[in-house]
Amino acid sequence: MKVKVLSRNPDDYVRETKHDIQRVLYLLFYHRITSASSLSKQFLVCFPCSLLFSFPQVKVWNLTKHECVRTLQAHEGFVRGMVVRYCGTSFFTIGDDKTIKQWKMEAPGYGEAEEPLNTILGKTVFTGLDHHLKKGVFATCGQQVDIWDEQRSTPIRSFTWGVDSFSSLRFNPVETELLGSCASDRSIVLYDMRESTPLKKVIMTMRPNTLCWNPMEAYIFTCANEDYNLYTYDMRYLEKPFKVHMDHVSAVLDVDYAPTGQEFVSASFDKTIRIFPKDAGHSREVYHTKRMQHVICVKWSADNRYILSGSDEMNIRLWKANAAEKLGMLAPREKAAINYSQKLKEKFQHHPQIKRIARHRHLPKNIYHQRNELRIMKEARRRKEMNVRKHSKPGSVPLVSEKEKHVVTVVK
Amino acid sequence: MASVSRKNRNKNTLKRSCGVAASVEDKEAEEGMDGAEEEVTSSEEDEGQDERKRQKLLEAISALGGKRKKTLGERSEAAVHMSEFSVNTEGGPGKVELADLIGSLEKTSAVPNKRKKELKKMQHINKTLDSPLSKQETERIQRDMAFQKAASEVSRWDSIIIQNNKAEQLVFPLSQEPAGPKPVETLVAGWKAKTPLEQEVFALLSANKQPLTDPVLTPAEKASVKAMSLEEAKIRRAELQKARILQSYYEAKARRERKIKSKKYHKVQNKAKRKEFLKNFDQMVKTDPAAALQELNKMELARMQERMSLKHQNSSKWAKSKAIMAKYDDEARKAMQQQLEMNRELTQKLVVPLNEEEEEEGRECDAEVLPDFVNDAVDMRDALNPWMKGKLTEEPTQEKLKITETEEREVVAAEEEEEEQEAEETEEEALLREFDRRRNLQERAATEDSAASDSDENDPAEITTPPRRMENNSKDTQGVPSADINDESAQLEEGLERIRTVEDLELLHHEPSAEEKHPGTTKAPPSEGKSVGKLKKKKKKKGIELKEVLTKETNMIKVPLTPTITDSENSEAKLDQRGLIKEAFAGDDVISDFLKDKRRQEDEGKPKVIDLTLPGWGHWGGVGLKLPTRKRRRFRFKGAPPPPRKDQHLPSVIISEKKSASISLHQVHSLPFPFENSTQFESCIRSPLGRTWNTERTVKKVTKPRVVTHLGTIIEPIAEEELYRMCYVTHDTSTSHNK
Chain A
0 MKVKVLSRNP DDYVRETKHD IQRVLYLLFY HRITSASSLS KQFLVCFPCS LLFSFPQVKV
60 WNLTKHECVR TLQAHEGFVR GMVVRYCGTS FFTIGDDKTI KQWKMEAPGY GEAEEPLNTI
120 LGKTVFTGLD HHLKKGVFAT CGQQVDIWDE QRSTPIRSFT WGVDSFSSLR FNPVETELLG
180 SCASDRSIVL YDMRESTPLK KVIMTMRPNT LCWNPMEAYI FTCANEDYNL YTYDMRYLEK
240 PFKVHMDHVS AVLDVDYAPT GQEFVSASFD KTIRIFPKDA GHSREVYHTK RMQHVICVKW
300 SADNRYILSG SDEMNIRLWK ANAAEKLGML APREKAAINY SQKLKEKFQH HPQIKRIARH
360 RHLPKNIYHQ RNELRIMKEA RRRKEMNVRK HSKPGSVPLV SEKEKHVVTV VK
Chain B
0 MASVSRKNRN KNTLKRSCGV AASVEDKEAE EGMDGAEEEV TSSEEDEGQD ERKRQKLLEA
60 ISALGGKRKK TLGERSEAAV HMSEFSVNTE GGPGKVELAD LIGSLEKTSA VPNKRKKELK
120 KMQHINKTLD SPLSKQETER IQRDMAFQKA ASEVSRWDSI IIQNNKAEQL VFPLSQEPAG
180 PKPVETLVAG WKAKTPLEQE VFALLSANKQ PLTDPVLTPA EKASVKAMSL EEAKIRRAEL
240 QKARILQSYY EAKARRERKI KSKKYHKVQN KAKRKEFLKN FDQMVKTDPA AALQELNKME
300 LARMQERMSL KHQNSSKWAK SKAIMAKYDD EARKAMQQQL EMNRELTQKL VVPLNEEEEE
360 EGRECDAEVL PDFVNDAVDM RDALNPWMKG KLTEEPTQEK LKITETEERE VVAAEEEEEE
420 QEAEETEEEA LLREFDRRRN LQERAATEDS AASDSDENDP AEITTPPRRM ENNSKDTQGV
480 PSADINDESA QLEEGLERIR TVEDLELLHH EPSAEEKHPG TTKAPPSEGK SVGKLKKKKK
540 KKGIELKEVL TKETNMIKVP LTPTITDSEN SEAKLDQRGL IKEAFAGDDV ISDFLKDKRR
600 QEDEGKPKVI DLTLPGWGHW GGVGLKLPTR KRRRFRFKGA PPPPRKDQHL PSVIISEKKS
660 ASISLHQVHS LPFPFENSTQ FESCIRSPLG RTWNTERTVK KVTKPRVVTH LGTIIEPIAE
720 EELYRMCYVT HDTSTSHNK
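Each protein sequence line maps, in turn, to chains A and B. Okay, so the first sequence: first residue is 0 according to numbering that gives the first Met the number 0, each after it adds one. Okay, so the second sequence: first residue is 0 according to numbering that gives the first Met the number 0, each after it adds one.
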């Protein structure tokens, strides 16, 4: 006797058991991972907090309430720079009228006139300003770099090194006596406040716009360059940058480190803000909105949660530093769940589908095309170089790494 | 100006052999400053001369004035016009040599000879100092020096930065205030002891090195805290951990052993333990009598417990079943006897030389306390059975003894042990015991006639005492008047129960030998009433309810064992099922199907002959025409054989080696960066993160985020203190390593 049995798929009628665990596991995890990585997308986008400001004025804002607290007519002409004293009770401004002014943070009482605490008349226009982190000393740059004591009307020290103008200046937050400045002759110059001469100068292929020191690593700084890149340097070895950060499609105008020193944010002329991990060649995040124009300056908040950007269309924007982060207090379970999904993403980051989801960002059309164009150009250049090398005497066309390409010389 | 120019000229002509460094340097500095000034000097000199002439002229004119003539003398300052270092050779004989300058030295005796020699030597040296560097170069050097200084200064952060980069977790802000009490001086700044009392207290405190401000630790405590470094603490912790682990292992082992159900195992174990203990006990008596006494007490306690329990008294289910079989089965009987033996062994009184005297005392006491012992026994029907006697009296005596003294207790307990057994016995046990007793009695009867009542005693050690006492007791208690009837009746009820059991015993087995022994018990009838009276009194003192319950319980357990029935029907049914399946699939040759399938798969994997011949190309083509061999060889060939199949040696398995496109979409194709080989990566991927396979603690540890920040907390740049802390830690560890 022969019995033929109808063939059916056991999946349809057999209940799942513990023996199916492998299959279930895969599905489960895949679901978990994908949802973890796609979830981060849902919360992207910045706060709808655009605040208007205009140039000759200085405005003091209450960040939590999103409102302007005070408006000052600080200078005649543009205000070129502003820095808050380390104690937070006063701030300094510089302007096109060749003056440095110190203002109280508190608004004047009723009937009192809005007057600066202190005014210093300079000989030339100042372009950059920064305050020492611990002492009552600040530095300005213009045609030269000056170190000022708050109590004196003349600089206690001035540095010149054959350059006609400097664009920006920053104190090192860790080794507080060190300074870095970007000069118009495409160079970055380092200073020590205690010495009578500058320390060193590195000349690059294109002009660096600003630089920022890492607040957790004393000798690391990053500069935003005109050639669409950012360069992270170790100040002891200026011969070549420590890392080249690419992704912008136009000149990078400003850069600021996160207070944790793990990441930095850059503002670019291409109307985007990008966040780079400190040792990554490419950005982890790009922020843009339809109305945001060329971003001129950018700052990372001291609690590592927000990013502030100021752009050409006269708005200040407040962004979340981590787009997927939930704001406010979290329940422990929630925290644990977030940590878990974060780790899952990290673990499976190399899987193609996960990578695809995690890496995907929307870009405005023109930036996207510009990026593609740049890629093509780069590839073409690379191909040409390869061909040249192929058809010339071996060794005559040396391989130059990307890092070395952008440094012209180091001047001692 | 003119003088300067003159100087310069001089300089050019002057050969500087002068050893005075300062002057030379000065000149050189000037030289550096104005190299191009040379040409201008001649005209300037002329002008200077004119000026001087004019001056003279003016002076001459003013001198003509007579009275008004001023007697102002010309004052010339050497410093203005000429330097002391630049010797003007204009009017002189030529350049000045060192020899000219030191010539006068020869004559003066004030200068020591040594110095003179040195100077002479110097005349021959013709070397000059280098000219100073240009301003640009000096600045460059200065910059370089400054840079190196700054770089080296910055490099001290190296270690901390590397450490932070490697850290599994970074918590910001880095320098969090340590929890715990703060020193008082930070809270109360500028406070001083003012009153004399305060000053006195402080003086005392400081004299005793007590903390003045820090409320937590004294200097001594601090020193002790410091004495144990981190390393040491770690080592100590590791040791403790190990000890704890060992302990837990031991505990686990003990637990496991305790859970072992094998009776045999435990029997062996217990036996070994007891043996070991006894062995040690003898020694202990000699070495440490106090401890031995304690042990003895413990043993006593165990003995008491044993006596109270029914464990080895052949009252269990098993014993009952054995009792049934005992009639026919020798082994069963032996087993029962073994158990009884065990009981006896356990309840055996330890005779220790330590408390011999006390024992004797105890005996004397017993004589007074237990006069009714024999009488009780007499009251039983089975008068020959001294076990039964004990049964009645045991409890009162025991309890009384407890109240009095431990020594007494021991003695009495020794007597009671067998009796107690009997008290809880059931019919079956009684039966067994009856066997023994009878056997013993027969033996005794042969040897001694008088001590018929003692004959039941099995233990040689205890044979001697109880009967004697019993006799004594009987004599002492002879004169005691009987108690009132009510109590007796109450007592009787109990007695009745017992009797009933005895009846049951008798009913179960009528043994002629037992009845034969009856006349042997002579004292039984007279003692009855007295014993009852005694009992009653004791009853009043302490209830025997527990005992009653126990006896009842033992009586009530009479469960016949139901025979187990093996069901043969089930197996038949199974067979039927199997047969049915066999029948159903009779025609299906599954195995051969499978083999065929496998062969087919193998064939598919084999390389196929690739035929590249083009029919009719280079020769005639058509139906029935063969290819020439040359062409066949050239254009037909086999591909390379595939690698051996995985299921090559597995006859009952087919392993498909085809790749699935749908899966490869989700697979990682190239080795990601930090991994060095695929196994590393795979193991990393394989290790689970979630709660499904991990404990809560592990999950927490594994999913801990790299960077932790706190809501709304300002994170300051890394401070110098971090560096010092780090240095301190590393220094600490290094010193401890050195130790």
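Be aware that a few hints might be false.
What the hints assert, rightly or not - List of simulated lysine-lysine pairs, PhoX-like, C-alpha gap at most 20 Å:
#	chain 1	residue 1	chain 2	residue 2
1	B	K260	A	K346
2	B	K165	A	K346
3	B	K272	B	K260
4	A	K342	B	K260
Claimed, not checked - With the C-beta cut set under 10 Å, the calculated list includes, among others, these residues of chain A facing chain B:
#	residue
5	P154
6	R156
7	D191
8	R304
9	H349
Since the hints were derived computationally from the structure, they do not count as laboratory data. Ideal Cβ placement from N, Cα and C applies to all residues, glycine included.
Each hint tested on the structure:
1. B/K260 - A/K346: Measuring from Cα to Cα gives roughly 48 Å; hence the hint is violated.
2. B/K165 - A/K346: 18 Å, holds
3. B/K272 - B/K260: 18 Å, holds
4. A/K342 - B/K260: Violated, because 48 Å separates the two Cα atoms, which is more than 20 Å.
5. P154: 19 Å, violated
6. R156: 13 Å, violated
7. D191: 5 Å, holds
8. R304: 8 Å, holds
9. H349: 4 Å, holds
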